[in-house]
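Q: Using the hints provided, position chains B, C, D, E and F relative to the given structure of chain A.
There are 6 protein chains.
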Amino acid sequence: MENYSVCQLQKDMRYEGFLMVRSAEKRKDVKGNDYVDMNLSDRTGEINCKIWNWDPGAAAPETGSALKVRGTVQEYNGRLQLRVEKWRNTTAEDPVDMSLLVPCAPRKPEEMMAEIRETLDSFRNEKLRRLTEGMLETAGSDLNWFPAAQRMHHAERSGLLHHTSDMLRLAKGVLEVYPWLNRDLLLAGVIIHDLGKNEELKSDKAGNVTDYTRSGQLLGHLVRGITTLNRVADRLEIHGETVELLEHMLLSHHGESEYGSPKAPMFPEAEMLHWLDMMDARMNTMKSAEDKTPEGAFSEKIFSLDRRVYHPRYTEDAE
Amino acid sequence: MENYSVCQLQKDMRYEGFLMVRSAEKRKDVKGNDYVDMNLSDRTGEINCKIWNWDPGAAAPETGSALKVRGTVQEYNGRLQLRVEKWRNTTAEDPVDMSLLVPCAPRKPEEMMAEIRETLDSFRNEKLRRLTEGMLETAGSDLNWFPAAQRMHHAERSGLLHHTSDMLRLAKGVLEVYPWLNRDLLLAGVIIHDLGKNEELKSDKAGNVTDYTRSGQLLGHLVRGITTLNRVADRLEIHGETVELLEHMLLSHHGESEYGSPKAPMFPEAEMLHWLDMMDARMNTMKSAEDKTPEGAFSEKIFSLDRRVYHPRYTEDAE
Amino acid sequence: MENYSVCQLQKDMRYEGFLMVRSAEKRKDVKGNDYVDMNLSDRTGEINCKIWNWDPGAAAPETGSALKVRGTVQEYNGRLQLRVEKWRNTTAEDPVDMSLLVPCAPRKPEEMMAEIRETLDSFRNEKLRRLTEGMLETAGSDLNWFPAAQRMHHAERSGLLHHTSDMLRLAKGVLEVYPWLNRDLLLAGVIIHDLGKNEELKSDKAGNVTDYTRSGQLLGHLVRGITTLNRVADRLEIHGETVELLEHMLLSHHGESEYGSPKAPMFPEAEMLHWLDMMDARMNTMKSAEDKTPEGAFSEKIFSLDRRVYHPRYTEDAE
Amino acid sequence: MENYSVCQLQKDMRYEGFLMVRSAEKRKDVKGNDYVDMNLSDRTGEINCKIWNWDPGAAAPETGSALKVRGTVQEYNGRLQLRVEKWRNTTAEDPVDMSLLVPCAPRKPEEMMAEIRETLDSFRNEKLRRLTEGMLETAGSDLNWFPAAQRMHHAERSGLLHHTSDMLRLAKGVLEVYPWLNRDLLLAGVIIHDLGKNEELKSDKAGNVTDYTRSGQLLGHLVRGITTLNRVADRLEIHGETVELLEHMLLSHHGESEYGSPKAPMFPEAEMLHWLDMMDARMNTMKSAEDKTPEGAFSEKIFSLDRRVYHPRYTEDAE
Amino acid sequence: MENYSVCQLQKDMRYEGFLMVRSAEKRKDVKGNDYVDMNLSDRTGEINCKIWNWDPGAAAPETGSALKVRGTVQEYNGRLQLRVEKWRNTTAEDPVDMSLLVPCAPRKPEEMMAEIRETLDSFRNEKLRRLTEGMLETAGSDLNWFPAAQRMHHAERSGLLHHTSDMLRLAKGVLEVYPWLNRDLLLAGVIIHDLGKNEELKSDKAGNVTDYTRSGQLLGHLVRGITTLNRVADRLEIHGETVELLEHMLLSHHGESEYGSPKAPMFPEAEMLHWLDMMDARMNTMKSAEDKTPEGAFSEKIFSLDRRVYHPRYTEDAE
Amino acid sequence: MENYSVCQLQKDMRYEGFLMVRSAEKRKDVKGNDYVDMNLSDRTGEINCKIWNWDPGAAAPETGSALKVRGTVQEYNGRLQLRVEKWRNTTAEDPVDMSLLVPCAPRKPEEMMAEIRETLDSFRNEKLRRLTEGMLETAGSDLNWFPAAQRMHHAERSGLLHHTSDMLRLAKGVLEVYPWLNRDLLLAGVIIHDLGKNEELKSDKAGNVTDYTRSGQLLGHLVRGITTLNRVADRLEIHGETVELLEHMLLSHHGESEYGSPKAPMFPEAEMLHWLDMMDARMNTMKSAEDKTPEGAFSEKIFSLDRRVYHPRYTEDAE
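Residue numbers (the working numbering), protein chains in the order written: chain A, 31 to 349; chain B, 31 to 349; chain C, 31 to 349; chain D, 31 to 349; chain E, 31 to 349; chain F, 31 to 349.
Check before you lean on any hint, since a few could be wrong.
A pair counts as met if it fits within one copy or between any two copies, since identical chains are not told apart.
DSS-like, lysine-lysine: derived pairs with alpha carbons at most 25 Å apart [to be verified]:
id, residue 1, residue 2
1, K232, K322
2, K317, K202
3, K58, K116
4, K232, K331
For the record, the hints were derived by calculation from the structure and aren't laboratory data.
Just chain A, same shape as in the assembly (with noise of 0.2 Å):
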């Protein structure tokens, strides 16, 4: 049996794979009965199953995990449906392509996070690596899996550690050429400055955010991200100008009023992370248009650059 896209299915097929959770109902059929409608997809399009005689006393399918799945397509009322024959939650253990199902970072998320902690490991400054270090841990096994954004930038699985890893290697750049940056300082700000996005976006294990939070809209993860710093620092008994810095970079990172920032960077080390995310995010969102868009053309005005993108040919000989 072949691996087939979601895209490919026709009627009569016989499918085995892996497929993603999107929605998933438990309901009664006509006898009664509880049944689980759900909708499965992977990155090229989505198909709908019923799986009848559900046991009452078992929750639906996660919204946003992988089932392994084997089954036949059918057509019901001119749409095609899989007939499922057998399923189960995938483990650990399933060779599951997680990039094939939903849009992912392009890096595994275990990779990112040890160059992080590899990172954390260098500093010499023991309040700012046991700070670091204690903002992951309250951000815990999520950060594995948590997008950056619902719709800008990094809107991806894993999205969250793609975006704080390549701004700190971008870091590390700059620290050659501006030695007298103080490193740890630095760094520690790029690993927690978006930390405080988990408590800001509701998403699922697929890294696809589907609302913001309460506080998420009340406060925001700038500030959201202050309040969880002063717990932990607490929590170590750490105090005075380090934690002020910190507080301060969390604060000023988006850079100006105008974008979140009540107060803009007072200092070098935070006046260099807002360019880093900045540089990041603006990449980011470049890549993506210019992706979406032929040699030689231009897109469609992009909504959060305020302009259109061009992609060039790059050759020597383009007219």
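A: Relative to the frame of chain A, chains B, C, D, E and F by itself:
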């Protein structure tokens, strides 16, 4: 011995009365003995004095405190100086009228504080009452003399209480017109909205702001108020919507990002808090401007209003 | 015959009650006889009806007036229609509850107007009393039903009185806190500040604004209010500061040029008028937004606020 | 006796000529007799003089008027003073060249006024002709010397006529290019657009603006022009579209709210009026800036233009 | 055979006349033979036609060109189609009235161009004459039909000449009022100010803009005009102030950075060029808006003006 | 003879060393003989000197050049003066340390230039290499000492090279993180982006900007850079996309119209160029501000940042 104002002093006059310490520094005279060089003031002026043979183990009098002083006015190098014969720190029993020494709120701090406590006692919402009480405790007795600003509105001794208690009275008025507003939430918001200021400003006990604190500059009183509120809530083990509503009211009470609030008010009590703050600040500024402008004339441009102010004659027969 | 709402009507029901004329047009039937095609409504919905054999000399019923109607519900081309058997215009004696027919102010216009007149009687400044009275006379009885806007705040029957009388109550509250404000000037400003609106908007008697007038578009209610005030003052032979203060309050009550006031408020009563207007308009908008949003949820973005609104649960145990 | 400029005067010179009264104050000498202390000026400078034994019943000469003066130059405390032997007020017969005394429009007021009257006579629209005439009558003979501003453009004697008559000539030019514009409406708008300025500014007869009037500050010349127009229209019993079009042209001629017009121009003649006003104001400012800047050089930043101005050499061989 | 407009065509009518090629594509019929599918239009509408058995070696007719066509109107699938019997490209001799086919400038391009050349002949400044002539040569014969914009003002065949020649007439008018302006410099600026547009826009010969060019998007007509001017000046070996003045006029003619000019006009002729451009663009927009609005009514909001436009009745008796 | 700094000089000291010519003017003494009046300086101060009996045929020393000087310090009218006994122009062989005389880039110009040339050699895109080389040739040897600004960032000798070479290092770092960027295009953009500055600013060889050039004022370095690039491309006969991409990078590198770029960056390399420019300019400004501020303190408001800057202590135990 009459009770002169500083501006009335002339050479050879005898003086006895209460004066404010504007600055005080311990120095050594030519023989190596300690003396104190002080500037003393009331609302009408400032005069220098030296106190010789200062006890080397004693600190100079505290800036912003009031002293009882007796002495003679002398002239030295063309400027008046007070030759102090006797002096002491004032105590709670002394009949010091602070409003003769520095700009003061028009009501006694004790009276305003009582009004706030009485309001608090009338709360039905227990969580709001405990959180508000916790915030007042954290602010402590500094509240009695803390000003609301360095230069803008209510820049006076007890200005913070003045501003808060006037807003409280306004709030009670608007609750009559809009009875559907949540009373306790609005009043709690009014009481705590500017408490972060005593972590933002450095003020002496005369209500004179000398500078901003580091965290006042790097974070501001909105964010500092929020982290303090979180500490109070953690200590009281109060969580959930109530805390987040107060956090949002602190964050949004300047109304828009341009004025320092990264979030605009998102529910009616937060919106009302913003207008009450605005209204009271502006009335205080307008009143000060009018007090300095003759009837029937226009002031110079007032910086914080970006306009000139007219002082009407207000009489029916004014041409 | 029961008193149904329009949304409850079904085929073959008998109906008798009061309905609002939404639109009414005289036409000719196939035989050349006159008939009237009308849409009738209450707050719950709208139904079409035809009245055959209309007196050619008589005008169609007035849009915005209420009729007493009896008839049977029929279906025509799949849509309900009222076959009217009997109808008449309503009179002052009819027990018409306007608030069932259209959005209305929560209080009776007569009651609100009485409050205004009572306030006027309490004025000590004779010139202000006569000018304000003159403005009310010029506005005339339209005030009873005039709305305050087409869509923004207080877009309802008697909305102008609703807005004015709520501001009047707010004003009396703030006068307690700032007794140095000129009472009569502030209250006069409140009463006349929006009277120019009935030269700016075209509204039917149900408070439904259909359009702006030409001078509403070309000049606006601020300037039109000023020219009306000048005519009133000329007629009453009142000149001098009093008139100019009122003119300025009319011109500046939107606060800044961006919102239509070419001059910012230049004395305390003008400044206060602006904040009272702002506060009442915003509370009305916030209340409407909350009424449409479930507790614990956020509204869509509200156009006139440029933000989403949260409807708090307000309970102590809300998570 | 030669005709010296004030800047040429030296001790012991004899002087006879016309001078402008810059300031004049009646005082008492040591014996209790009245004298007048005056500053007299022409465009080149100012000189003080005293006139002793002043008739106690007579007022001091009027600021802004021209005197015929004869006397001798003396020195007192190191500064020149004119010892006046004979003086009198000037009359219409005196050959006073105002342009030697103060900044003046380049053309005679009589000539500019004649141009305006001639234009008025050519109107075919009777209502526009009568309204415009009524506005000119209300402005009265002050128009002959009134300046257009305190500091910005056309701040000179007869500057208002200068600005108006230049715009009138521009208007006649554009009517050739856009013959579909309503001629009389555009020209009427040009003539009356700034007439409100003589209720906005306080100027002496030399065209020197000393201050704004109260209603200039509180309302401005746009709104004051509209109320005056309404009085004129009421008196002439003219109503309807014609009046409203002119009202709108007055209100909108500054183009946008940021520059004081709460409504932007809504028909072509109003739009054109705005651009003519802008163009003439800017050309006057640009010309003044160039006159003060050497060829081939840049001026300092010109405040009202927010930029530096270059004075080109304009020759073909300029490098 | 009468001369029908496209909107008048009905089934079975015979048609002969000139039509514009709106689009034209070569395709293959079921037998593999080439045919052309075209949409033909005049100002009133569009009709489809097919021309069978097309010569495989010949290109389809050029979009934006006019054809002489004879045929019969048929109906196919409910839509009219022209069955073409005979057709040919038009030549200079054909009496084609372009203004019946597409929106055109009100004057002939030849006439407008003659006016420009005549102006050029009157220049006394030889360098300005040669540079302006060089720019016109570079633009070439496209000027005859080039529009001034895609949608804003003068979006019509020969719109660029229309705009330029109207500005030239305005310029001659203002030179009468401000004779101190440098005549040749101002007129040269007017003639060349928008010539960069034919490197910015892609237009067919009917004046229909289909897109922006790459350099139009990346650089714009201001900068492209400057590089072209530099090439012309290098070729003519003209350097120095004259060239820089023209460069600045090109760069600054949009007036401020917000509208695309990185430098504001810094000398009077540059300033005047900006206002003439503004004035003519606005009058064109206002006229179009009025032409579409009934007398006595308001238009919808006009996008490029950000306001509604009123079409006055302009009569003395208009209410 | 010791090597004193100018600020250490005292009366009667003997001096020998290298000094910078700050200003130098040829004058005539009382006997009609030529002498030169000069101000000489190093980074610590300035001293005046006269050189008598100057050769009438010789020019005064060039402002911005370094001289070798020997003499004695004298006092004249209370100010120190250097009585020069011997002096000469310096040559390439002299061990002049420019960084003692004026603010200088921290690296040698030769070293930075070598880095740029090396980068250029690594280009694979031949057209980009030749265009970039052509631009460097046009700029010529002035590049060795040219500053990047008059006052903002990198206002120092060789500041333009300093800024360019730091950006080049940053660029190489970001290319590691975003390998999909076109390397040669980005690096070419970095090298040429500010070359227009040496046509915009007038600087002496000490890197001291005295003024803007005419074309700097009228056009700016963005547009001047583009016309220079066009001349280079014409000369090298290179056309097409490559040139337009570079033109756009020059035009858009200030990011938005408010900062002088009429076009925002439209492809990733242009976007990145803007952020690199921003980042390096800001880091330079931040560093300067910190260098002038004690640890643990705030600076005054920095004009170009519109904020105060904090100089952190950066230690773990900082309170």
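Q: State for each hint whether it applies.
A: Hints, verified against the model:
In the homo-oligomer, the alpha carbons of K232 and K322 lie at most 25 Å apart only across protomers (24 Å), although the nearest pairing inside one protomer, at 27 Å, exceeds that limit. Taking CA atoms no more than 25 Å apart as the test, K317 paired with K202 passes in both settings, with 22 Å inside one copy and 18 Å between copies. Taking identical chains as interchangeable, the C-alpha atoms of K58 and K116 lie at most 25 Å apart only when both belong to the same chain, with a minimum of 20 Å there against 51 Å between chains. In this homomeric assembly, K232 and K331 come within 25 Å of each other (Cα to Cα) only across copies, at 19 Å, whereas the closest approach inside a single copy is 28 Å.
Violated hints for the displayed structure: none, as all numbered hints are satisfied.
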